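Peer 1: Work out the full structure: start from the sequences and follow the hints.
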Amino acid sequence: MSPDTEIVRADHCVVALAEAFRGDGEIFASPMGNVPMAAGRLARATFEPGLLLTDGIATAVQGVLPLGAGVGANGTVPEGWMPFRKVFDTLWWGRRHVIMGASQIDRFGNQNLSCIGPWEKPKAMLLGMRGAPGNTVNHTTSYWIPNHSPRVFVREVDVVSGVGYDRAAALGEVARFHEIRRVVTNLGVLDFETADHTMRLRSVHPGVTVGEVVDATGFDLAVPESVPVTRDPTAEEIGLLRTQIDPDGLCGREV
Amino acid sequence: MSDKVVSVEDAVATLEDGMTVGIGGWGSRRKPMAFVRAILRTPVKDLTVVSWGGPDLGILCAAGRVRRAVYAFATLDSIPLEPHFRRAREAAAVEATEWDEGMFYAGLLAASLRLPFFPTRAGLGSDVLRINPDLRTVASPYTGEELVAVPALEVDVAFVHVHRADPAGNGAVLGVDPYFDDLWCKAARHAFVSTERIVATDHLLDEGTTRNLTIDRTMVTGVVEAPHGAHFTECEPDYGRDESFQRLYAASAKDPDLWAEFAGTYLDVEDEAAYQEAVARGSA
Chain A
0 MSPDTEIVRA DHCVVALAEA FRGDGEIFAS PMGNVPMAAG RLARATFEPG
50 LLLTDGIATA VQGVLPLGAG VGANGTVPEG WMPFRKVFDT LWWGRRHVIM
100 GASQIDRFGN QNLSCIGPWE KPKAMLLGMR GAPGNTVNHT TSYWIPNHSP
150 RVFVREVDVV SGVGYDRAAA LGEVARFHEI RRVVTNLGVL DFETADHTMR
200 LRSVHPGVTV GEVVDATGFD LAVPESVPVT RDPTAEEIGL LRTQIDPDGL
250 CGREV
Chain B
0 MSDKVVSVED AVATLEDGMT VGIGGWGSRR KPMAFVRAIL RTPVKDLTVV
50 SWGGPDLGIL CAAGRVRRAV YAFATLDSIP LEPHFRRARE AAAVEATEWD
100 EGMFYAGLLA ASLRLPFFPT RAGLGSDVLR INPDLRTVAS PYTGEELVAV
150 PALEVDVAFV HVHRADPAGN GAVLGVDPYF DDLWCKAARH AFVSTERIVA
200 TDHLLDEGTT RNLTIDRTMV TGVVEAPHGA HFTECEPDYG RDESFQRLYA
250 ASAKDPDLWA EFAGTYLDVE DEAAYQEAVA RGSA
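Residue numbers (numbering that gives the first Met the number 0), protein chains in the order written: chain A, 0 to 254; chain B, 0 to 283.
It is worth saying that the hints were derived from the structure and are not from the lab.
Keep in mind that a hint or two might mislead.
Unchecked claim - On the chain A side, residues computed to face chain B include the following (Cβ under 7 Å): (1) Gly133; (2) Arg180; (3) Leu249.
Stated by the list, open to error - Coverage of chain B stretches by chain A, computed from C-beta distances (three or more under 8 Å per stretch; other residues unrestricted): (4) 144-154; (5) 196-209.
Here the structure is a predicted model, which means the values were calculated and not measured.
Every residue, glycine too, gets a C-beta built ideally from N, C-alpha and C.
Peer 2: Set out below in structure tokens:
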């Protein structure tokens, strides 16, 4: 295969993140960062055409927008307006699925974006709460974690920014919109489809063993007897990624 | 119609030690930086700064003017973490109130609608409630659901920066995102608007439509003409972010000598014009 069509790890990550949007229909998809953004655009260009996606600023865009490009590139046209005020209105309305990062995440999906160490005097100040508390109790959330390691997948997060399943359950009815659908990493795909909503290994990317994922996870991961391999991108998907969505190969540099 | 044009120095002279200041814009986008720089030319201190934080918060922290930061994040956008704010937090040099970013919207809505609080799900189940023990929840009288009661984000003075304004304080935002600048103005006892250019009222629509006029004069105490007043943050479509200057600013967080040098060159200057000249010299 030529380097252009050779499938690399980043492609499996993008496809796995795109799969997180499957079935969402006409909702506002908010993938944060290049790899999730490529995934949203890929999902919309193939099996999930109803997704509403922006240029990463405040314009909803119809067509296939390349990463890093502005509205108009590749024949794209504006189809809507999504300033921050409308982002909050939409996220409280609930028709949204966000893909965020996580500096730490535990087995119930509690996520920390805020800081490492005690909140009162952090060892490392990170992003702060951002929108994680509101996102996670209002609509579907997935996570993209490019560095699957025990430092990220921890027994207990230092600060809970995004709400996990145990805390959502404790809230009861008021947390009925909570859903953490997927956690996609450089090693595989995780979900919470277990009886007690603890994290489960859903698939490993080609070339990764189950043992590697378990070793890179700092808590007991639910591992089914047979763990599938993350599906390959189709030829159409690879074509879209190479020629339209990520012609500069930005995703490959991040995985 | 009243003429509310004042100097940037007059506007910040309304500040007193210990006041609460709301700052418009978002991250490193259309921040009222001319006001922030003018604050540094006053002796005012112990401010509570409320902001969807960018270099506004970072500079005020680095200059030691902040007693309490009220924020959900502090970012330079192209540089994900605001480095001066990061230093201040890691040294516990400022008191901190960290909320979910949507809670700011709820708090500004409450303040601007003269309500004591605004209910929201944002914050439930997260550590927002642990790290902010003063936050209260409220039960819906209809369903019994327990929601976060975000207190009204009332501020003493708000500063925002817009593209065009008339002398009475009607403001046109020409960029794609108006952010929450109108709400900051309404949440404040006094609101000051800086603008790239003061224009006559009959020229407010030269580059936009009535939909761009998100600030109206009932919200505004004073108007300041400040060309490049959002520098080095972006103010599209008038200008983009000055990335190389922002990198210089960010690098100055690495040690106190670099900050002293940066502040000496760009901030400890006579006025806003001298700042703009220093920037022009630096990039020449």
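Peer 1: Of the hints given before, which are not true for this structure?
Peer 2: 2, 3, 5
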